[in-house]
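Number of protein chains: 2
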Amino acid sequence: KKFTNVMSSVCVCVFRLYILYNHWALKVLLYFFILVSLCLAIFEEPAVWPLPVWATMLVEVLCLLIFTIRLVHYAKVIPRDKFWKDPKNICIIVILMLTLVDMIIYGAMKSANYYGVRWSRVLRPLLLVNVTEGRQLRRAFRSIRNALPQIFYVFLLFMFSILIFSLMALKLLGKRGLKNIDGSPYFTSYLEIIFELYVLVTTANSPDIMMPAYNASFIFAAFFILYILINTYIFMSVFLAVVYNNYKKYLKEEIRQLVRAKRHKMVRAFAVLQEPREEGGEPVVTRATWNQVVQLVQPNLSNAHRELLWSVSDDKNQGAIGKVAFVQLADLLNIEVITLKSRPHPLQWLCPTLYQSAPSRLLCRMVQHRAFVIVYDLIILVNAVFIGLDEENPMIANSEWVFLALYILEILLKLYVFEPRDFFSKHSFWNWFDTIVVIAALIATIINSAMKTSKDFSSQQILDIVFILRVLRLVRVVDSIKRFRTIINTLIRIGPAILTFGQLILVVYYIFAMVGMELFKGKVTFYGQSSTDPAKAYCGNPLLNGTDFAKLNYCKNNFNNVVSSFILLVELTVVNQCSGFVTVTHISARIFFVLFHIIVVIVILNIFVAFVLEAFFVEYSVDKSDLQTSLERKIEELELAVAQEKLEDNLVNAMETIDNDLGTSQSAKPNLPSLMFKIASKRYRTVDALLQRIFESDLDPEDFAENDDPEAQSSGNFANPIFGST
Amino acid sequence: KKFTNVMSSVCVCVFRLYILYNHWALKVLLYFFILVSLCLAIFEEPAVWPLPVWATMLVEVLCLLIFTIRLVHYAKVIPRDKFWKDPKNICIIVILMLTLVDMIIYGAMKSANYYGVRWSRVLRPLLLVNVTEGRQLRRAFRSIRNALPQIFYVFLLFMFSILIFSLMALKLLGKRGLKNIDGSPYFTSYLEIIFELYVLVTTANSPDIMMPAYNASFIFAAFFILYILINTYIFMSVFLAVVYNNYKKYLKEEIRQLVRAKRHKMVRAFAVLQEPREEGGEPVVTRATWNQVVQLVQPNLSNAHRELLWSVSDDKNQGAIGKVAFVQLADLLNIEVITLKSRPHPLQWLCPTLYQSAPSRLLCRMVQHRAFVIVYDLIILVNAVFIGLDEENPMIANSEWVFLALYILEILLKLYVFEPRDFFSKHSFWNWFDTIVVIAALIATIINSAMKTSKDFSSQQILDIVFILRVLRLVRVVDSIKRFRTIINTLIRIGPAILTFGQLILVVYYIFAMVGMELFKGKVTFYGQSSTDPAKAYCGNPLLNGTDFAKLNYCKNNFNNVVSSFILLVELTVVNQCSGFVTVTHISARIFFVLFHIIVVIVILNIFVAFVLEAFFVEYSVDKSDLQTSLERKIEELELAVAQEKLEDNLVNAMETIDNDLGTSQSAKPNLPSLMFKIASKRYRTVDALLQRIFESDLDPEDFAENDDPEAQSSGNFANPIFGST
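Quick note, the sequences are listed as chains A and B, same order.
Each residue of the first sequence is one higher than the one before, starting from 1 at the first, in the UniProt record's numbering.
Each residue of the second sequence is one higher than the one before, starting from 1 at the first, in the UniProt record's numbering.
Mixed in with the good hints, there may be bad ones.
Claimed, not checked - Which residues of chain B face chain A? A few of them, derived with a C-beta cut under 10 Å, are: (1) Gln150; (2) Leu156; (3) Phe165; (4) Leu167; (5) Ser206; (6) Pro212; (7) Tyr214; (8) Tyr233; (9) Ala271; (10) Pro344; (11) Phe467; (12) Cys555; (13) Ser564; (14) Glu571; (15) Thr573; (16) Val612.
Unchecked claim - The calculated PhoX-like cross-link candidates involving lysine-lysine, where the alpha carbons are at most 20 Å apart (straight line), are: (17) A:Lys171 with B:Lys110; (18) A:Lys452 with B:Lys171; (19) A:Lys536 with A:Lys523; (20) A:Lys536 with B:Lys523; (21) A:Lys523 with A:Lys482; (22) A:Lys175 with B:Lys452; (23) A:Lys536 with A:Lys551; (24) B:Lys249 with B:Lys265; (25) B:Lys521 with B:Lys110; (26) A:Lys521 with A:Lys536; (27) A:Lys88 with A:Lys76; (28) B:Lys82 with B:Lys265; (29) B:Lys551 with A:Lys179; (30) A:Lys110 with A:Lys551; (31) B:Lys175 with A:Lys452; (32) A:Lys551 with B:Lys265; (33) B:Lys252 with A:Lys551; (34) B:Lys634 with B:Lys316; (35) B:Lys536 with A:Lys179; (36) A:Lys76 with A:Lys27; (37) B:Lys536 with B:Lys523; (38) A:Lys265 with A:Lys175; (39) B:Lys551 with B:Lys536; (40) B:Lys27 with B:Lys88.
Hints are computed from structural coordinates only; laboratory data are not their basis.
Please read all numbers here as calculations on a predicted model, not as lab measurements.
Just so you know, even glycine gets a beta-carbon here, dropped at the ideal spot from N, CA and C.
Extracted from the complex, chain A is given alone in its bound form:
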């Protein structure tokens, strides 16, 4: 009742608009159009598949329109002053304006047959950062920006060290008349030495650069070894340390402010919902109001789960909860509780006598037995050997059908024994993996052999897919070994966070690809395998004649379209070699490659490493949060816990120990309740929740941010109010 009063007190219209704004379909639509605008690079000059300019322009205008509508929608739902104070909105407006201006100029230039550059294309990925939903990405960018001063000082020192070493190299080696392998003078130009020594840090030119000096004397090797020790090993470790430390520090601060803002909003919600308790006690929220709130926030939460949460909040069973317990709600909803329903198998419903018969029960026991897993692991190993053998042999080719049959039998047997809905539950990663791979392999193999027998023609694509699926099946064996499972699970768990880095690297790659395409497009040409053009020997550019770039057949490493640019940028991330592009353009092209190395390898990859390290350390220090402990205690009190020894019994085919309870409930004692809970201590609904867990020990649980901290307010954003925070 009270809650509905609150509802009517806010403008219902704005609220509906807000709900609409946060609707998943609109978000998907937005990301779809961002993707479309990014993909336009495939069709624009220099294109993979060229389209006329008017076509790409038209699509781009459509995208801009969608972004504008979305922005206007956002402006409607939040207060005007907040909208204009938020830098991300300003950013979007500027990007949209600039893009429009650029399109008009470019269109005019094109129609007048002048040469035009679509410079606004570098702005496109910035939309990904500035849309309301790009919170994770913005946070990553912010923490990089904050870490920059520290990184900058270490970088200066690092550059100073390179300069000093270069000067020494110039003085020691420049006058000795040494020659490079191609006969050019060795170490005579200062700028050249600085660049070469910088590349040595990336290990790309490792023994080559020191060979002429080393050939002249043993002693010069000491110079290079000292250089590598200081700059490659010590400075690179220091970079990692600085990036790691700063990243952690600022991320912690951001998370702290986010938690404060969340708690502050919960406190405000409490103030709205509270009811005074008799005899002037602390105000409370009653169970009925609480239920309404939870139902509104998470409509698909089961009743039993909600009851459980309430019993944790209302520990003393008073029918109402105080402020502290209410504020916990957001964190409580973030704890992933696995609900295990011990449903009877559908076959038991259909023909109970058959399913309960002795042979059937024997089958169930067999499938659940450890030996079943071992037998199938052996089958997988034999299969691996067969895949390795020559598949031209008809015996081997036919054996594939046997293996497919065996895998399908395994899945059918498991479906016979385990309840299908449990078998395909949300967290049963390996069950899903198995089934999809096997079924896909079955379909692909049938298509392949049908094509082969009918028309004596086999499609290479289909065959490739068959091969990949066959090999993928072997991955399953990893899950049987417990030690491997823990490592894999950690990797799967940090997956979502790695996706944030994927976006981050996408933004940086996209910008570099756009700039690189303007700078280097058409300078290097790749001639197909069958081409007999004499220009093939030097990648279509006479400047490359006789260079390593052409000799090593790197012609396809070029900036001629967006796809090959991206692949080249990945290669540059691994090993930074740019000699070819410097040859075809100008020596200053090196700046582009050095800048790329600094941004991607020194900054972003180090943050990636820092995140993996941090995630593994959290995994290794396995202590549950207080809230998780109390939730677990409550589950145990209510005797709804999944018995631990039962879990250990049966480690067949689930992603985590917990998921293994499927089916064993049939043999369980009948007095067990039909619904059981277990908390997934290490799985979190959102990346935010994972981050909050990582920095939990540094957060003050009693910090309710009652005072309206302006700083916390400005950083917490409107898209993350009470209803969105869980």
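Since chain A is already given, all that's left is putting chain B on it; use the hints.
Relative to chain A, chain B alone:
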């Protein structure tokens, strides 16, 4: 009195032997002979400078004799059962025996003109690990050994991933008839693919290996990118995480046991030294006894410093301390306290009127002024430009004398203003650096110009030294920038710990160099620059004709003697390329190189990175230990503290802020005491102390290990008793 009773109660003879055993000269002698035995590899076949077999054998016998004597000496000073229980002694005995056996066999083979292998040479570096003084190194090895199981499981998973990817590559790419750049079939042999993909993880063959597939189709690039993402980036980060985590965990445990053992010994010492207090109170140690102990342990501690420590221990001024305070003594002695004596300048003694005159005082103020530093920084920058210019120009060559004069003037001015003993105090790293570099440059320049003018002959070696010293002078500019100073100081501070890793890597390199020399010696020959031998084009081995190895002129990268082996191993650490050696021997030679990569890059380098990270994190989280705080508080109470604002004034030329107080005491108020203290909060006397500080937050300060914990006993070793522990 009591203390002398204790002394007489232990066997004086053993004690003297023990003191002798721990004498620094004997330790230096031992390390010298270990170095000699390691350096024998330079003279033994395959030698840099060949010596007859009998000569090296004789030296080796001498070394063995020294090691045996040292071991017997050790056996005399510790209880017999402890000696035989200690694995390091057994190790030394086994090494000595095996070496002797090997030498006899080798000698016999040689005299009978058979081919013999000196296999015991790989054992030599193990002596470095097993001598009593190699505690740090042993600990590093132990923590690696303990971390191995965890690393092993990740490694298995990593190898599994490589195997799966290789199988997929074989199936996808093997049948397409693609060709490598040299025309050989691409990806047709499974073992070949596994090796190539392993090398791809080290990034050594980065774009080359994917080019044939990429040239065939865009899509295959995705396969390689996925591979690089998973194996190069994610798995390598996981390796770092696992190594880091385990290393930290076991090191922490070791340090914990060491601290326990130390405290246990302090408690035992307390039990011996204690005197019962009146009225049945807790037993105490009196000030006289305490003084005797401290004087015995650290004879060169100043009286004032000892007084200070006592006043910290005896906080309530009772004239005696209890057990807790006594046990603290060891940690208290580990805190580095900088004693600042405000001595008057010697010139003030000699001619006070002149030194106190107005011009002299003006000069002092000028030198201490900030502008003085800036002027000299500018001079250094100008000097850098001059060095960069062509020194053939006589104007430039003569300018060198001007700069040298300026630098010498700077040192003289500073010596005029600051008290010389303070200027050259132990921690004034930059003062020492400056003076040595300038004086050495002066001497070298004089010799050089003398040779030039007298005989029209200039020695290239002298000239090289002059150049290096000139450039080294420029490094000084770093110290003027505060931000740089903190980074540099951290690096200097972790220097001793890096030396431990230096020893570790020396041991591993030496073993690999010995094995590598036996496997690959003489396979590749380096012909001098001026040689016209046609074999020069293929490094003297026809098998290498036309290979990249010969083309890139890598002939000097060989295992023909111990020095070039070491240089080659450094190169292999940076980039693992071994194709040349596989060509000249056998495909199984790859095992040697892969093993080297696993041990050095995956395990040892990651531990190195882990240590640098940890040291920087400790630097960043600047909180002093409790003991340091109480010591500092006591210093402040006694009004002996160096005033902070005075420190900030004058940041001229000291390694740490604190060292800057030199000389300013002249202008200080006369009522200040002539002796002042400051604790160097981040400097530690020993690596142990640094490690203890790193893990301090996890050590229980109240854990006195009163019960004789057998485990702690076994790990704490005899060389680290009370008297050695501080």
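Hints that the structure is at odds with (numbers, increasing): 9, 10, 17, 20, 21, 24, 30, 32, 33 and 38
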